[in-house]
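With the hints as constraints, model all of the structure from the sequences given.
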Amino acid sequence: MQQTRNLMGMHITVEVRDGDEKQGCDRVFEYFQYIDETFSTYKPNSAISQINRGELAESQYPPDIKKIFMLAEETKKATRGYFNIWRPEGFWDPSGIVKGWAIWQASLLLERAGHKYFFIDAGGDIQGQVEDAGSQSWRVGIRNPFKHEEIVKVLSITSQGVATSGTAERGQHIYNPFKPGQQLLEIVSLTIIGPNIYEADRFATAAFAMGREGINFIESIEGLEGYMIDSQGIATKTSGFEQYVTN
Amino acid sequence: MTTVKKLLIGATLFAAICAYAVYQRYGEHRVTPPIISQNQPGQNISYKDGTYTGNAVDAYYGNVQVQAIVSGGKLANVTFLQYPNDRPTSKSISNQSMPYLKAEAIASQSAQVNVISGATDTSQAFAQSLASALSQARN
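Taken in sequence, the protein lines are chains A and B.
If you count by the numbering used here, then the first sequence holds residues 1 to 247, one letter each, in order.
If you count by the numbering used here, then the second sequence holds residues 1001 to 1139, one letter each, in order.
FYI, nobody ran anything at the bench for these hints, they're computed from the structure.
Built from N, CA and C at the ideal position, the CB exists for glycine as well.
Watch out, some of these pointers could steer you wrong.
[To be verified] Here are the simulated DSS-like cross-link-like pairs (lysine-lysine), alpha carbons at most 30 Å apart as the crow flies: (1) A:Lys77 - B:Lys1102; (2) A:Lys67 - A:Lys43; (3) B:Lys1102 - A:Lys147; (4) B:Lys1102 - A:Lys76; (5) A:Lys66 - A:Lys76; (6) A:Lys147 - B:Lys1074; (7) A:Lys77 - A:Lys66.
[To be verified] Computed far set for chain B versus chain A, every beta-carbon distance over 12 Å: (8) Asp1049; (9) Gly1050; (10) Thr1051; (11) Tyr1052; (12) Ser1110; (13) Ala1119; (14) Leu1134; (15) Ala1137.
As structure tokens, this is what we get:
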């Protein structure tokens, strides 16, 4: 069964292919509802909003907030400071790390409920799960950053995560990739395959911010593969990326 | 204030200044996105000249809000009033030697897939905000 809902300003799609499929989908959506209520900086009653207003002492932080702060700090170190949830305007905005982490947690929740064959897609960031990597896999397309309706690669993914960071999330260059003169420097899309969506997403975010060097950063990290597309439509891939490419 | 906090704020300010400098140097202040030229149905829609502000639309990482400038009955320019900032825009200046990685021209595929990975949320929010700006400009 496949279900899609619009939560947290994005489409979330869950496909469950074993056990009680409906219940599996519902569990995931309920979890994302909880995540939104805890971490949304747009909801005045969320824990993160309360923290930003100085209403919660550190000792009162909910466990998941503490966890995210800890993971954000760790990620900041692992990415040479490129990942930072502290906003220049002076408040915490952990949404850049919450998304990937929440997808991963939702997939662990499904696993604990006995599901072994599913994927979760939240806004183009995907966690796959298969029972038998020999016979099952998920076909994941990489969106063409220049043409929304097209894909430029098909990946065969088992129990892994795939995340894409792109110009759609990076203001000033967002829709003008063909402007002559400055685009040689510009990266429009960076897709990362990782052991889970949390790893893939946080490293996609940080590596994208590094510009052209980002793909080399991914190359240097074991367990991650990447596919970077620049504004000329030229893709650069890490040395192990091809093993995931299918037709 | 602890030294750590001072350092944190200092580093954040520095990053913000660097990002702004880079933005000034490389940034596109006014963009005319292909999404518009692709989706513009043609000459049969005409708009009243003026400047129209779209709704702020939640794009999860932050709000997207655009301003559309209509001139001569046509969409002349779109500027961003709000944009999510979770992606640090500082530019790497590292010159370290890099391993050679294979490159290729991208090519569209027609194969069926289960799911697609891509950064699209903000562009949907963009389209929504723009649509609400242009609806005000309709003749």
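Hints and how they fare:
1. A:Lys77 - B:Lys1102: holds, 28 Å
2. A:Lys67 - A:Lys43: With Cα atoms ~20 Å apart, A:Lys67 and A:Lys43 stay inside 30 Å; holds.
3. B:Lys1102 - A:Lys147: holds, 23 Å
4. B:Lys1102 - A:Lys76: With a Cα-Cα distance of about 28 Å, the restraint between B:Lys1102 and A:Lys76 holds, given a limit of 30 Å.
5. A:Lys66 - A:Lys76: Status holds; Cα separation ~15 Å.
6. A:Lys147 - B:Lys1074: Cα-Cα ~23 Å, so holds.
7. A:Lys77 - A:Lys66: With a Cα-Cα distance of about 17 Å, the restraint between A:Lys77 and A:Lys66 holds, given a limit of 30 Å.
8. Asp1049: holds, 23 Å
9. Gly1050: holds, 22 Å
10. Thr1051: Consistent with the label, B:Thr1051 stays out of reach of chain A, its closest Cβ about 19 Å off (over 12 Å).
11. Tyr1052: Label holds. Min Cβ-Cβ 18 Å, cutoff 12 Å.
12. Ser1110: violated, 9 Å
13. Ala1119: B:Ala1119 is in fact no farther than 12 Å from some Cβ atom of chain A, at 3 Å.
14. Leu1134: Correct as stated: the minimum Cβ-Cβ distance to chain A is 15 Å, above 12 Å.
15. Ala1137: At about 19 Å from chain A, B:Ala1137 clears the 12 Å cut-off, so the statement holds.
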